[in-house]
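*Asks:* Hey, can you work out the whole structure from these sequences and the hints?
Sequence lines, in order, name chains A and B.
Take 0 as the starting number for the first sequence in numbering that gives the first Met the number 0 and just add one per residue.
Take 0 as the starting number for the second sequence in numbering that gives the first Met the number 0 and just add one per residue.
The set of hints was computed from the structure by calculation and includes no laboratory data.
You may find that some hints are simply not true.
Keeping only pairs whose Cα atoms sit at most 25 Å apart, straight-line, the calculated DSS-like set for lysine-lysine is [unchecked claim]:
1. K388(B) <-> K509(B)
2. K56(A) <-> K469(B)
3. K70(B) <-> K149(B)
4. K442(B) <-> K481(B)
5. K56(A) <-> K442(B)
6. K57(A) <-> K371(B)
7. K415(B) <-> K388(B)
8. K509(B) <-> K371(B)
9. K509(B) <-> K482(B)
10. K482(B) <-> K469(B)
11. K469(B) <-> K57(A)
12. K469(B) <-> K481(B)
Coverage of chain A stretches by chain B, computed from C-beta distances (three or more under 8 Å per stretch; other residues unrestricted) [said to hold, decoys possible]:
13. 17 to 27
14. 46 to 56
15. 89 to 102
It should be emphasised that the depicted structure is a prediction, and the values quoted were computed from it without experimental measurement.
Using N, Cα and C, we set each Cβ at its ideal position, and we do this for glycine too.
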Amino acid sequence: MARILVIDDSQVIRDLLADFLADSGHFVDCVEDSEEGIRMALAGSYDICICDLHIPKKNGFQIYQAISATKPKLTFIMTDSLPDSLADQISEAGVPYILRKPFDLDQLREVLATVCASIKTI
Amino acid sequence: MSLLGKLFRASLRLKIVLPISLIIAVSLLLISGYLIDRQSAGYIQELEASGRTMLRMLAINAESGVLFGNKYELDELLKTPAQFESVKYVVISNTDGATLAELHESTMVTAGLHRKSSNSPVHDSIAVELSNGSDGEEYLVLSMPVVTFKQAFSTENLGITGGLDAATEREVIGHIELGLSLDKVNQAIFEAKFAAYLFTLVVLVGTILLLAFIVGAITRPVRVLVDVTDQVSKGDLTQRVNITQRDEIGHLADTFNRMIESLKQSRDEVEQYNRNLEEKIIERTLQLEEAQAQLIQSEKMSAIGQLAAGVAHELNNPLGGILGYAQFTLEKLNKNIPEKTTAKEIQSYIRYVSDIETQARRCKTIVQNLLKFSRSSRTVDFADVDVNKAIEETLSFVAHQLHLSQIELDVQLDPKLPHIQGNIGQLQQVFTNLIINAMHASKPGALIVITSRYSPALGEFGGAVELMFKDHGHGIKDENLKKIFEPFFTTKEIGKGTGLGLSVSYGIVKEHGGEITVTSEVGAGSTFTVVLPVQKPETDSDNRKEANYSFGQ
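*Replies:* This is the structure in structure tokens:
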């Protein structure tokens with residue numbers, strides 16, 4: 000059980016994640032706009048942020064940079080629809096998890112399990 | 000043209016035969032005229048000489064007859080000249096003018112004539128005259144006095160030889176006149192003239208025929224040469240001069256034949272060369288067109304490559320949705336116990352599967368758009384093009400790329416825009432290129448304005464469609480502005496652009512009979528304006544294509 004913020008400009012991805020994560024017993028908030036997402040992340044107390052890398056205004060990397068300093072406990076799972084676009088940059092910046100779209104639900108489940116385990120240990 | 004002029008332009012044969020014949024005819028006539036003159040003078044002299052002899056004989060023998068007025072004796076005397084055909088008349092008269100005797104009465108002729116004869120007693124003073132008689136005939140009239148000798152009849156004197164000396168005295172006692180006919184002379188002259196004319200005519204005709212034959216023999220090959228030259232000058236180089244004679248003409252004919260042969264060879268070579276050249280031009284033109292088509296296609300592929308990120312992103316989201324919902328639904332159904340399935344759960348499943356369907360359709364549209372865009376630009380067929388629709392389709396394709404690059408788009412399309420004649424694939428390539436360029440020039444958050452409007456004043460017939468692609472990017476430096484439509488000119492990093500996008504776009508717009516222009520200000524942005532005529536004007540390249548096509552057939 001975790002509190003998750005989804006930032007993605009794709010309606011279907013937001014719907015899917017909302018359905019799947021809620022079904023898995025998590026608390027989910029979804030947002031389309033990147034700046035709105037940053038504001039919500041900073042204002043709320045989320046454990047996990049599933050964020051798309053390619054979204055208008057601020058991309059996933061910029062969102063991470065805007066939040067990570069203030070919310071060090073917030074774990075980022077970056078979704079990326081392009082091969083090797085910003086992957087190296089993101090890894091270097093310390094984003095722990097990258098999921099390539101289209102991802103399997105098992106992949107997401109696995110990542111979430113790992114993240115939740117680490118949250119519990121903390 | 001006068002007859003003379005025609006004559007001078009007439010054939011060589013006439014030019015040679017006519018003057019020579021004339022010269023010969025004139026010469027013959029002059030010579031024969033001269034000879035006839037001489038001959039007739041001779042005849043007359045001969046006649047005169049015989050006349051003189053006869054007259055003298057008559058004068059001597061008539062002495063006693065005249066002296067004694069013995070007419071009988073005189074008539075007897077005149078019987079001798081009567082035997083001569085040429086003697087027309089003889090008149091013997093006394094000094095009073097009374098006729099004592101005459102042969103063939105011819106008073107009309109003699110009247111007054113005898114008086115002209117001298118009264119001088121010189122015995123041989125014969126008067127000669129050519130005279131026309133009243134009957135129209137010409138006579139040679141000879142007259143002389145009849146003389147007697149008065150002497151002192153001394154017997155001693157009679158015995159002396161040459162007694163007719165100073166002691167004797169001559170006395171004119173009458174006149175004798177002899178008229179000789181010129182008939183015979185005239186007849187002879189006439190015959191001579193006739194013979195001369197006949198001879199002249201025969202010689203002339205002979206000369207003309209001979210000359211005509213000789214000149215003909217010379218000019219016949221010349222005429223053949225002239226005919227062949229005529230044919231050759233009209234372009235028929237298959238003609239040959241068929242002259243085998245071994246003289247200058249034959250040599251000329253040989254030379255001429257060789258000349259035609261080498262002329263024909265040269266012409267054949269030139270024709271062959273031209274044909275080869277034409278074939279090469281057609282071949283090269285086809286190659287060039289093929290190369291241009293390939294260039295356009297490869298540039299389009301390059302554009303697609305640049306749009307790949309947007310396409311991948313656009314595809315991966317719905318695919319993610321499909322994959323996720325399919326797995327989620329399967330998991331739910333696998334765990335599901337049919338008897339305990341609630342209506343709410345079924346509603347959820349329906350929504351999941353509907354989402355899958357929707358997203359699959361979206362993928363299909365994206366793939367279709369991609370295929371539509373990447374369809375070959377090699378077809379050069381022109382058709383009705385709704386430019387607004389072409390822009391919208393292009394935007395549907397690049398929109399996500401712009402979205403990713405965080406570019407704001409302001410599209411203002413004129414709803415009353417007329418359709419134009421064009422190739423939609425090629426035009427979309429131009430639009431894509433201009434939009435991608437604008438996107439590359441722009442910073443995130445910048446605005447790109449795309450407008451279309453109808454300009455009735457532009458273009459030749461039916462006006463033109465004017466499109467503007469305005470960005471607020473970094474702009475183009477003045478020194479680069481002139482070069483941007485040149486092939487391989489690029490300011491992008493190596494590997495980021497081919498440098499062919501704008502030059503290909505330029506070529507496509509030109510092919511549509513349109514114009515593409517640019518204005519730019521460094522730091523403020525650039526505006527590309529594309530003007531496309533509603534009716535494509537006829538161009539040389541169209542005609543060439545048609546010509547090629549018909550050649551191909």
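*Asks:* None of the hints should be skipped; say for each whether it holds.
*Replies:* Taking the hints in turn, this is what the structure says about them:
no. : hint                : in the structure
1   : K388(B) <-> K509(B) : 21 Å, holds
2   : K56(A) <-> K469(B)  : 21 Å, holds
3   : K70(B) <-> K149(B)  : 22 Å, holds
4   : K442(B) <-> K481(B) : 24 Å, holds
5   : K56(A) <-> K442(B)  : 11 Å, holds
6   : K57(A) <-> K371(B)  : 32 Å, violated
7   : K415(B) <-> K388(B) : 12 Å, holds
8   : K509(B) <-> K371(B) : 23 Å, holds
9   : K509(B) <-> K482(B) : 17 Å, holds
10  : K482(B) <-> K469(B) : 19 Å, holds
11  : K469(B) <-> K57(A)  : 24 Å, holds
12  : K469(B) <-> K481(B) : 18 Å, holds
13  : 17 to 27            : holds (count 3)
14  : 46 to 56            : holds (count 3)
15  : 89 to 102           : holds (count 3)
The earlier numbered hint that this structure contradicts is number 6, and it is the only one.
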